[in-house]
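As given, the protein sequences belong to chains A and B, one line each in that order.
For the first sequence, my numbering begins at 1 and goes up steadily by one.
For the second sequence, my numbering begins at 1 and goes up steadily by one.
The hints are simulated quantities; they were obtained by calculation from the structure and are not laboratory data.
In this text, a Cβ means the ideal position worked out from N, Cα and C, and glycines have one as well.
Some hints could be false.
[As the list claims (entries may be wrong)] In silico contact screen, one side only, chain A against chain B (beta carbon under 10 Å); selected entries:
hint: 1; residue: P22
hint: 2; residue: R30
hint: 3; residue: W37
hint: 4; residue: A38
hint: 5; residue: D56
hint: 6; residue: R63
hint: 7; residue: M144
hint: 8; residue: K164
hint: 9; residue: R173
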Amino acid sequence: VSDDAPSGSDAELVDRHVAGDPEAFGEIFRRHRDRLWAVALRTLGDPEEAADAVQDAMVSAFRAAAGYRGEAAVTTWLHRIVVNACLDRARRSAARPSVPLGDVAAALTASRDTIAARETALDVEQALATLPVEQRAALVLVDMQGFSVEDAARILGVARGTVKSRCSRARARLLPLLTSDGQGNRAGDPGVPSKQPSAQGGQRGGDVV
Amino acid sequence: MSAPRHPDCHPDCHPDGWHPDADLLADVAERLANAETMSRVETHLAGCAECQALRMRLDAVTVILQSNAAPRMPNDVSARVLTALAAEPTPAAVAARTGSAGSAGSDWAAAHAGRRRHWLRRCLAAAAAVTAIAGIGAVGVNVFRPAEVGTSLSDDAGTSDSAAPERASGPAAVPPPAEPVPPLSTRLVSSGQAYTRENLGTAGQLLQNPQAPADSGPLSSAREPTGAAGPEAPALSRLRDQSALASCLAALPGRQAAPLLVDLAAYDGQPAAIVVVSGTRPDRLTVFVVGPACSSAGSELITTTDIRR
């Protein structure tokens with residue numbers, strides 16, 4: 001961070017932004033952009049859609065900052081706006097063809113070095129794409145972004161039990177896709193009980209191997 | 001009725017043949033099941049190695065997800081968001097505008113102008129610096145490439161933030177006026193559309209409808225809008241001049257080629273030029289919304305977004 005970067009807590013930067021500091025919101029964005037990008041890309045699985053969602057969400061947050069009352073951490077507030085933007089986009093595009101998974105994998109692995117890491121990333125993102133978007137969002141927040149169930153519930157605007165239930169279902173669905181049964185069987189493991197993806201979230205399920 | 005079976009279990013591995021499935025095991029792990037079910041599953045788990053293994057695989061799912069390295073926001077995305085934010089008036093400016101007795105239009109423009117000037121100085125300075133470093137000359141309207149702008153803005157945002165404002169404060173912050181080379185493939189229209197952030201995507205539809213009544217044809221033969229066109233604000237008429245438009249287009253950040261379309265219309269109730277260029281992918285378009293005063297001295301960028309072609 002440069003010497004000229006605005007300092008202070010996130011909440012202070014929000015206050016300064018509302019008061020007219022032209023640098024404050026940009027600094028908030030810079031502090032949180034990677035985490036917001038990660039949750040958007042993992043939730044939507046499409047770099048272009050994720051970029052649109054993050055941009056729309058940041059503009060919304062910029063405009064609505066005066067309404068931020070500090071009940072939740074700034075990062076939680078921003079994540080809520082981004083996740084809502086992602087869910088809106090995912091629901092709108094549910095009927096549209098999915099993007100090639102290669103695009104997702106390329107974006108996700110652009111900064112990684114090892115073949116193993118790339119393969120793992122591809123596995124994870126392909127597997128995530130089979131989940132209904134609500135389950136995906138919950139699982140991304142809790143298991144991948146490290147939010148507590150309470151914060152994830154606040155971000156998603158649902159009850160804690162709903163978050164736990166969505167994560168529980170999501171993990172069960174990912175089990176045959178991400179783990180081996182000890183005999184080399186992974187994806188498509190025919191006998192592992194797991195419900196089929198719904199029409200809403202499983203539009204890419206057929207592509208996942 | 002038999003309960004779910006999992007494939008790891010031999011048919012006679014449990015007297016009654018019942019085994020919890022992955023859904024139930026996951027629910028039990030989150031303590032979502034009722035007390036009776038919890039007790040039954042836990043009792044079963046204590047004596048069933050196969051289900052213990054399944055439970056471990058379930059735990060491994062979380063471990064795999066947790067260990068998946070998070071992607072970093074690409075520079076071009078970061079630059080795009082910063083550019084969009086640059087077009088926004090601060091809440092204080094909006095409040096001042098709302099409380100002003102002046103005309104709504106001038107207040108809106110004033111609210112945007114200060115904010116835009118500040119950010120645009122930084123964006124343009126960064127882009128100009130990268131162009132100079134890369135040895136890329138500004139020829140016609142093909143001035144900057146998105147990736148270069150993105151990289152520069154990211155660096156500006158991250159580790160070299162201190163240098164940008166100084167660069168931006170001087171005359172060198174503004175790119176030199178581009179040669180007025182008319183982008184012959186650009187279509188100039190006056191659709192009469194009242195654009196908002198929500199309907200900017202409709203600008204791309206004009207590209208797919210070459211017989212649109214508002215179409216004024218290629219820029220090289222730009223003419224007055226037809227009678228079927230919507231009203232065109234007088235302030236925008238200057239952009240019908242090829243040199244003026246080329247000068248404006250040259251000031252836009254992150255453009256690779258001549259625009260596909262320019263619509264002299266309105267945005268959020270104010271006169272604005274909607275500039276549509278090819279996006280970063282074949283199925284994408286980038287839309288810039290600029291004010292009537294757009295020129296090489298400043299694009300008066302109001303907002304920008306990517307849309308599907």
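Problem - When the least beta-carbon distance from W37 of chain A to chain B is tested against 10 Å, hint result - result: 4 Å, holds
Handout entry: M144 of chain A as chain B interface residue, shortest Cβ-Cβ below 10 Å
Key = OK, holds: M144 of chain A within 10 Å of chain B, min 5 Å.
Practice task
Classify the hint on R63 of chain A as holds or violated, based on whether any CB of chain B lies nearer than 10 Å to its CB.
Solution key: Interface hint status for R63 of chain A: holds (7 Å vs cutoff 10 Å).
Problem - Hint check: 10 Å Cβ-Cβ cutoff, R30 of chain A to chain B - result: R30 of chain A check passes; min Cβ-Cβ to chain B is 5 Å, inside 10 Å.
Practice task
So, A38 of chain A near chain B? Judge it on the closest CB pair being under 10 Å.
Solution key: 4 Å, holds
Problem - R173 of chain A as an interface hint toward chain B, with CB separation required under 10 Å - result: 8 Å, holds
Practice task
Answer holds if the nearest beta-carbon of chain B is closer than 10 Å to that of K164 of chain A; otherwise answer violated.
Solution key: Check passed: Cβ of K164 of chain A comes within 4 Å of chain B, closer than 10 Å.
Exercise for the section: May I ask you to test the interface hint for D56 of chain A with respect to chain B, counting a Cβ-Cβ separation under 10 Å as satisfied? Expected result: This hint holds: D56 of chain A lies near chain B, its Cβ roughly 8 Å from the closest one there, short of 10 Å.
Exercise for the section: Report holds or violated for the interface hint on P22 of chain A, using the least CB-CB distance to chain B and a cut-off of 10 Å. Expected result: Check passed: Cβ of P22 of chain A comes within 5 Å of chain B, closer than 10 Å.
The structure shown violates none of the earlier numbered hints.
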